[in-house]
Amino acid sequence: MTQEAAAASQPFVMDTAFWTATAIFLLAYAAIISEKIHKTIVAIFGAGLILVFKILQQHEAFHIEEFGIDWNVIFLLISMMVIINLMRPTGVFEYIAIKSAKWGKGDPFRIMAIFAVVTAVLSALLDNVTTVLLITPVTLLIADALEVDPIPYLISCALASNIGGTATLIGDPPNIMIASKAQLDFMAFIYHLAPIVVVIMVFYLFAIKFIWGKKLKTREELKQRIMAMDENEAIKDPVMLKKSLAVLAIVLTGFVFHGVLHFQPATVALFGAGLLLLLSKTHEPHHILAEVEWPTIFFFMGLFIIVGGVVKVGLIKWMSMQILELTQGNMFATSMVVMWFSAFASAIVDNIPYVATMNPLIVDMAKQLWPNLSGTQLLHHPDLMPLWWSLALGACLGGNGSAIGASANVIVVGMSEKAGKKISFMKFMAYGMPIMIMTVIVSTIYVWLRYYVMKI
Amino acid sequence: MKAKDLMIPLQEYLRPENTLKEAVNLLRTAKRGEEKIGVKGLPVLNENGKLVGMLSMRDILKVVFPFYLSMMDLGDFTWDGMVESIAKKSSNRKVGEVMSKVVISVDEGASLMECVDHMIKHNIKRLPVVDKSGKMAGMLYERDVFFEITKAMLAENNGGAK
Chain A
1 MTQEAAAASQ PFVMDTAFWT ATAIFLLAYA AIISEKIHKT IVAIFGAGLI
51 LVFKILQQHE AFHIEEFGID WNVIFLLISM MVIINLMRPT GVFEYIAIKS
101 AKWGKGDPFR IMAIFAVVTA VLSALLDNVT TVLLITPVTL LIADALEVDP
151 IPYLISCALA SNIGGTATLI GDPPNIMIAS KAQLDFMAFI YHLAPIVVVI
201 MVFYLFAIKF IWGKKLKTRE ELKQRIMAMD ENEAIKDPVM LKKSLAVLAI
251 VLTGFVFHGV LHFQPATVAL FGAGLLLLLS KTHEPHHILA EVEWPTIFFF
301 MGLFIIVGGV VKVGLIKWMS MQILELTQGN MFATSMVVMW FSAFASAIVD
351 NIPYVATMNP LIVDMAKQLW PNLSGTQLLH HPDLMPLWWS LALGACLGGN
401 GSAIGASANV IVVGMSEKAG KKISFMKFMA YGMPIMIMTV IVSTIYVWLR
451 YYVMKI
Chain B
1 MKAKDLMIPL QEYLRPENTL KEAVNLLRTA KRGEEKIGVK GLPVLNENGK
51 LVGMLSMRDI LKVVFPFYLS MMDLGDFTWD GMVESIAKKS SNRKVGEVMS
101 KVVISVDEGA SLMECVDHMI KHNIKRLPVV DKSGKMAGML YERDVFFEIT
151 KAMLAENNGG AK
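Protein chains in written order, with the working numbering: chain A, 1 to 456; chain B, 1 to 162.
In short, the hints are calculated from the structure, not lab data. Hints are not guaranteed to be accurate.
Cross-link-like lysine-lysine pairs, in silico, DSS-like; alpha carbons within 27 Å at most [said to hold, decoys possible]:
| # | chain 1 | residue 1 | chain 2 | residue 2 |
| --- | --- | --- | --- | --- |
| 1 | A | K418 | B | K94 |
| 2 | B | K40 | A | K421 |
| 3 | A | K418 | B | K21 |
| 4 | B | K88 | A | K223 |
| 5 | B | K101 | A | K36 |
| 6 | B | K125 | A | K236 |
| 7 | A | K418 | B | K88 |
| 8 | B | K40 | B | K101 |
| 9 | A | K422 | B | K135 |
| 10 | B | K89 | A | K421 |
| 11 | A | K223 | B | K125 |
| 12 | B | K132 | B | K21 |
| 13 | A | K421 | B | K88 |
| 14 | B | K135 | B | K125 |
| 15 | A | K427 | B | K89 |
| 16 | A | K421 | B | K125 |
| 17 | B | K88 | A | K215 |
| 18 | A | K422 | B | K40 |
| 19 | B | K135 | A | K36 |
| 20 | B | K101 | B | K151 |
| 21 | A | K421 | B | K31 |
| 22 | B | K89 | A | K418 |
| 23 | A | K243 | A | K99 |
| 24 | B | K135 | A | K215 |
| 25 | A | K422 | B | K21 |
| 26 | B | K40 | A | K217 |
| 27 | A | K422 | B | K125 |
| 28 | B | K89 | B | K121 |
| 29 | B | K21 | A | K421 |
| 30 | B | K89 | A | K422 |
| 31 | A | K217 | B | K89 |
| 32 | B | K135 | B | K94 |
| 33 | B | K62 | A | K418 |
| 34 | B | K101 | A | K418 |
| 35 | B | K21 | B | K121 |
| 36 | A | K105 | A | K215 |
Using the sequences plus the hints, can you model the full thing?
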């Protein structure tokens with residue numbers, strides 16, 4: 001028996017360290033949900049406590065992958081943020097958004113549908129928060145031009161970004177975390193998640209047609225305001241734009257082949273960020289780096305350490321044993337529990353701490369099921385794979401369930417309020433929750449058909 | 001020279017509950033010194049005469065400027081009549097909503113250098129002066145400080161430099 005397998009079969013002890021770590025973990029979760037203290041502060045302070053109480057040694061927190069900070073996630077996020085920050089001033093995102101509105105010929109619903117698709121595609125390639133920050137200002141401008149209510153557009157934008165982000169490894173933070181923990185590559189996400197996300201988007205477009213299609217009306221002369229816009233005026237820096245697109249192409253190609261070439265995704269992204277910084281010829285990297293969302297990055301780092309603490313003391317193993325007991329080792333039932341529980345949990349809690357907790361839980365579950373396996377043999381066990389996809393689908397799509405379910409929703413609600421149109425918690429939920437349930441039902445059928453009936 | 005020697009005593013002011021319509025009308029016709037030529041900013045006082053904010057021309061410009069335009073480069077994609085239409089819709093908003101709330105002020109006895117210090121560090125052209133009870137007493141204008149400086153520079157007995 002390997003050392004790892006021996007550890008897996010060993011019952012853990014509920015000693016002082018166990019209860020201390022559990023208390024820190026639960027209090028941190030409660031503080032994050034209550035929103036009384038900023039989540040980043042909670043994560044950093046909680047991580048500090050884990051180290052001060054010696055639940056983790058500093059070395060474990062900083063250098064041991066199983067317990068500590070996942071630097072692959074951190075550098076992938078930072079590098080993608082740097083690339084976007086360098087691309088933004090070129091005007092390419094304004095160009096795409098204005099061009100999309102013109103494709104819609106000024107028709108309010110056509111524009112909504114096209115924006116939903118554009119948002120979903122951008123969210124698959126960038127992170128959701130960035131996408132929403134790039135699309136909503138234009139959305140508000142278009143709604144003003146057409147003199148229509150911006151709220152449906154804003155809600156649709158958030159929902160579409162959460163759906164689109166589900167499709168790829170880099171689309172949504174839960175996927176980045178899952179990919180790193182489960183050692184799944186970019187193409188695995190494309191192969192297993194992108195097809196169902198396309199199907200979900202079709203359902204989504206029918207849904208918004210049904211919900212808002214007849215309500216959105218404008219006058220002919222207002223459509224001219226859109227048609228009179230010249231998207232070419234958006235491009236402010238064509239030279240930098242060419243460089244950015246070239247680097248983006250290299251990075252995306254790198255993602256497609258990173259599995260084959262044995263590069264981690266963070267390596268690809270870091271190379272891209274470095275190359276674009278070099279090509280930008282900036283002498284002031286300070287403001288590009290300052291625009292990285294450091295609070296988000298530190299939120300991740302703190303959470304990794306807190307979760308590492310409860311992994312080490314065995315809380316996560318205890319939780320995984322409870323789930324296996326509940327489903328009696330039936331993998332289809334386990335998949336379904338993971339997907340639906342993830343969806344509702346992600347609607348209530350930020351899906352980042354949720355997935356940070358679920359990742360080691362699934363690994364622990366696998367260790368109990370196959371105590372003789374380790375490494376990718378364990379992580380990529382054919383019976384385990386559907387669980388990773390169920391977790392990704394549940395956690396990403398679950399974000400649509402409420403106004404606080406995903407960062408994109410929080411941003412959209414905030415922007416709407418700034419524009420003088422408040423979206424109440426219940427109003428968001430009235431659209432978000434049915435859409436979430438619909439998309440998770442579609443995902444359920446997909447997982448069942450693909451992995452348990454057709455077994456491909 | 002102290003703040004109170006150079007300030008223009010309080011003449012016209014706004015209340016937070018005034019509408020923007022009333023406010024811009026006053027901005028256009030308010031007295032500066034003896035002339036009714038309009039001013040670029042007015043103090044906002046509460047019912048006890050305490051200073052609670054300032055409403056300037058810049059604040060009115062911000063009213064018609066949608067926040068989303070500042071988030072991205074979208075100025076090229078706006079249309080004729082946009083400013084006017086938002087202005088019409090905003091005319092009944094209250095001064096209290098749009099005024100600048102963080103207000104720097106000085107005591108009547110503040111030295112001229114203290115006033116210059118505030119004007120430079122906070123980039124303001126109008127500095128409210130308050131009396132001992134905290135009530136608004138008057139307004140010190142950048143222009144008047146400038147005239148005071150010119151007087152000193154142009155004075156005949158200017159320590160040797162000609």
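Item to complete: Please work out if K422/A and K40/B have their alpha carbons no farther apart than 27 Å.
Response: Status violated; Cα separation ~33 Å.
Worksheet item: Do the alpha carbons of K101/B and K418/A lie within 27 Å of each other, as the hint requires?
Response: At roughly 17 Å apart (the allowed maximum being 27 Å), K418/A and K101/B satisfy the hint.
Worksheet item: Given the hinted pair K421/A and K31/B, is their alpha-carbon gap at most 27 Å?
Response: 38 Å, violated
Worksheet item: Between K422/A and K21/B, does the CA-CA distance stay at or below 27 Å?
Response: Measuring from Cα to Cα gives roughly 25 Å; hence the hint holds.
Worksheet item: CA of K101/B to CA of K151/B, is that 27 Å or under?
Response: 34 Å, violated
Discussion item. Between the alpha carbons of K418/A and K88/B, is the straight-line distance 27 Å or under?
Written reply: 19 Å, holds
Worksheet item: Is the straight-line distance between the alpha-carbon of K418/A and that of K94/B 27 Å or less?
Response: 16 Å, holds
Worksheet item: Does the structure keep K422/A and K135/B at a Cα separation of 27 Å or less?
Response: 37 Å, violated
Item to complete: Decide if the proposed pair is consistent with the structure: K421/A and K88/B, CA atoms, cutoff 27 Å inclusive.
Response: 18 Å, holds
Worksheet item: Going straight from one Cα to the other, do K135/B and K125/B come out at no more than 27 Å?
Response: Status holds; Cα separation ~20 Å.
Discussion item. Check the hint pairing K243/A with K99/A against an upper bound of 27 Å on the C-alpha distance.
Written reply: Distance ~21 Å between K243/A and K99/A Cα, so the pair holds.
Worksheet item: Within a Cα-Cα threshold of 27 Å, do K89/B and K121/B meet the stated pairing?
Response: 35 Å, violated
Hints 2, 6, 9, 11, 12, 16, 18, 19, 20, 21, 24, 26, 27, 28 and 35, counting from the list given before, are not met by this structure.
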